[in-house]
Amino acid sequence: MKPNREVGIVGYGAYIPVYRIKDQEIARVWGRSRWPIEEKSVPGIDEDSLTMAVEASKNAIKRAEIDPKEIGAIYVGSESPPYAVKPSATVIAEAIGAVPRALAIDMEFACRAGTTAMQSVIGLVASGMIKYGLAIGTDTAQGRPSDELEFTAAAGAAAFIIGLAENSLAKVEATYSYITDTPDFWRREGERYPRHTYRFTGVPAYFKHVIGAAKGLMEEEGLRPSDFDYVVFHQPNVKFPLRVAKMLGFTEDKVKAGLLAHVIGNTYAAASLIGLAAVLDRAKSGERILVVSFGSGAGSDALSLMVTDLIDRKRVLAPTVEQYVKRRIYVDYSLYVRYRGKIERW
Amino acid sequence: MVKAASVPRVWRDREVKYRLLGTYCKSCGKSHYPPRIYCPHCGSKDLELVKLPEEGKILHFTVIRAPPTDFEEYAPYIVALIELKNGTRLMAQVVDVRAEELKEGMEVEAVFRKYREQGPDGVIEYGLKFRPKL
Amino acid sequence: MVDTRKVYVLGIGATPIGEHWDESLRTLMTKAATSAIEDASIERKDVDAIFVGNMSSGPLQGQEHLGSLLATWLGIPGVAACKVEAACASGGAAFHQGFLGVASGVYDCVLVVGVEKMTDAITRDITAALIMADDQDYVAFTGVSFVGLNALVYKAYMDKYAVEQEDIALFAVHDHKQAVNNELAQYRRPVTLSAVMSSPLIADPIHLLECAPIGDGSASVVLCSEEFLKKYGGRDVLIEVSASIVATDKLSLYDRDDITTLSASVKASRKAYKIAKIEPKDVDVLEVHDAFTILGVIHLEDLGFARKGEGWRLLKDGELEIDGKIPTNTMGGLKARGHPVGATGVYQVFDVVKQLRGEAGKNQVDSPEVGVTQSVGGVGGTVVVNVFRRVR
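In the order they appear, the protein sequences are chains A, B and C. Under this note's numbering, read the first sequence as residues 1 to 346, first letter to last. Under this note's numbering, read the second sequence as residues 1001 to 1134, first letter to last. Under this note's numbering, read the third sequence as residues 2001 to 2392, first letter to last.
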């Protein structure tokens, strides 16, 4: 998909909570002898997907150097909003000073909601309906105790402000979305933890849709893996993104910069976007980035971005992903379950 | 739940608490949080609504170990008297740091966090806390 | 200020302080009032007005309108009555209203009652009620407790004056020693400094045993005019209220320049001393509002008995003892006598009057003539200073 008018990212920001738990510690409690990643982020008791989104958004505004009142849309992608009914978007809008004139909505599509938010906002800016749009991917993912996913379900947020291409630090070249009804992971209303389908989440889900979107975009745009300097995939673990990169023909060095799952875990709707932010923290003008998300249910968004020469000046205006990653306070499993509200007190 | 908790009250304060709005006294030059009607220092009515700086330093802090109702689930937590860059003082929690590592005079910045919930089915009260500068 | 009438303390009464499972808010205040009326040797119907000092009957008991409630329960409905609230200085503020009632000439005989029923509530709800002494929206909102506010003052003081915590925590040891001989006191056993310093932290650096306890109690005082005295004669000893002054400070610590001093204490005491024509050196017995050990030390300074940063020396050098330069909290103070919040300001008057009458038993100070009480609301948001003089 290509918008009629050229648009791009005018500001970006990420946020990762300070707490970490080592996978080895989770394994200790449940008697496991192996684990998929080193450690994952844990939100503090006073954090939720909304508070994280506020910080990521403020970072994006700092880089965009705009008056928040000029933001015409706030799209929040999350599967763990603090309220089942009551939008995070309006609270975020108040907190950043974008009220009252704005389009605001919360959206859900598992780990893909952030990139879908981005595509929606791209459309609004390109159509001329708004000047700037804020797209956020944020999650405080919950893992069922002792389940595989407890080893990776983490917390984080990333925010992107879209504006016209001439003001952007990375232009949006094209996007592609690929969806099917594939029940690889879900949560029924009223259920506390999600269900997943183990190995079924691989080939028929993650790989099919990531490859579908990536190939779809590259074919439409006449691009090949060698045309990209970086590729960021949704990262539920380290294995999947490395394997799909290989399957698509991307060399490992291109994946590394945007792959953080081993140190922060799977931040769900924020995952590919935090990876993108990490890439923007170091990319050079003229470099091309491919981002491919994956959300269970299922679908992938692929975006092709071209970095401009505004990047060097812009990236230093707010904290980098690395600054958040290297900020750590470790908790043990007992504090972890307390912070995550898994202990029933009533 | 404390009887003082109410939805309109939370709503009424949201701009002040989310965006750190205060007043600046044009007579004596001091700034205050929260916004006032009369300057508490010189009594003047000549005040202007301003956005306060979101950075400052810790003057004094303590660790609350016996919390009031609605705050039990967060204990222990750090509360501090903070002085913002323009001299305005306020009270807030300090987060993302162990109390042993905190020092008076440490530079801090505002972060948006949950302060409490009006019960498991009630509204969530957000506000600004502070953490050591990144 | 116009010339006001002289005011005398005609009677005092108080309940013991403790966890009174069998007593309610209304039975406590009725008992204290009855006791003061009997001590005054008057009839209940002689009372023209009642002022009830109380801080948290609303949040903790769901009960307001204490003036009318007490008048009803004392069997004298019809008298002027109302509740007076100034946080932890409610007792002192009620006393001040009583004083004004007589001094102004409007009433001849006034009953002042301070009462607090705390133990029906659980600790965290009490903590939530006590922080109502500060700003609900911008201070209580942060989750700080009242102990926490005082912890900030404690740290600021230790930093500014380079004082060791042990020298301040000693105040609790002093209070407990005095309470041993006070049969109304909540805690009548001595404590050691080491026990205080090793008790659990409530809000760093304040330890549990540095905090006034939670308890129930009521104290009462009958005040009267000279004309009323002529009718009744009174007792041999006559105690005059030479001054009763109230001052406030900015409610919250963040509005103050120096949190190691309570400017309301300074203001109220200087004005009270001036009216009573005394200086600190003339004071024979003193009651300070030591809700926390640090406050005890700071009050000594703010009330003029020590220079700023040196109040702890009086404590350490034993000058607060019965035979010291300034006998203080001779019946146990807030820490050991107890602190049923709204009642404390009146318990302080009770204790000072006992001393001036020569009825303090083993804790008796030698022939005291002038006594001062200081009742504090919040962290000095309100301070009431009263001066008493034995005139006969």
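If you're looking for bench data, these hints aren't it; they were derived computationally from the structure. One should not assume that every hint holds.
[To be verified] One-sided and incomplete, this derived list gives chain B residues near chain A with beta-carbon spacing under 8 Å: (1) E1015; (2) C1042; (3) K1045; (4) Y1074; (5) D1096; (6) R1113.
This one's a predicted model, so the numbers in the text were calculated from it and none came from an experiment. Cβ coordinates follow ideal geometry from the N, Cα and C atoms, glycine included.
Hint check results:
The closest approach between the C-beta of E1015 of chain B and any C-beta of chain A is roughly 7 Å, which is under the 8 Å cut-off, so the hint is satisfied. For C1042 of chain B, the interface hint is violated, since its Cβ never comes within 8 Å of a Cβ in chain A; the closest pair sits about 30 Å apart. Taken as an interface hint, K1045 of chain B does not check out: its beta carbon lies about 26 Å from the nearest beta carbon of chain A, beyond 8 Å. Hint status for Y1074 of chain B: holds, given a least beta-carbon distance of 5 Å to chain A, under 8 Å.
Taking 8 Å as the C-beta cut-off, the interface hint given for D1096 of chain B holds, the closest approach to chain A being about 4 Å. For R1113 of chain B, the shortest C-beta to C-beta distance to chain A is roughly 4 Å, which falls under 8 Å, so the interface hint holds.
In summary, the structure is inconsistent with hints 2 and 3 from the numbered list given earlier, while agreeing with the others.
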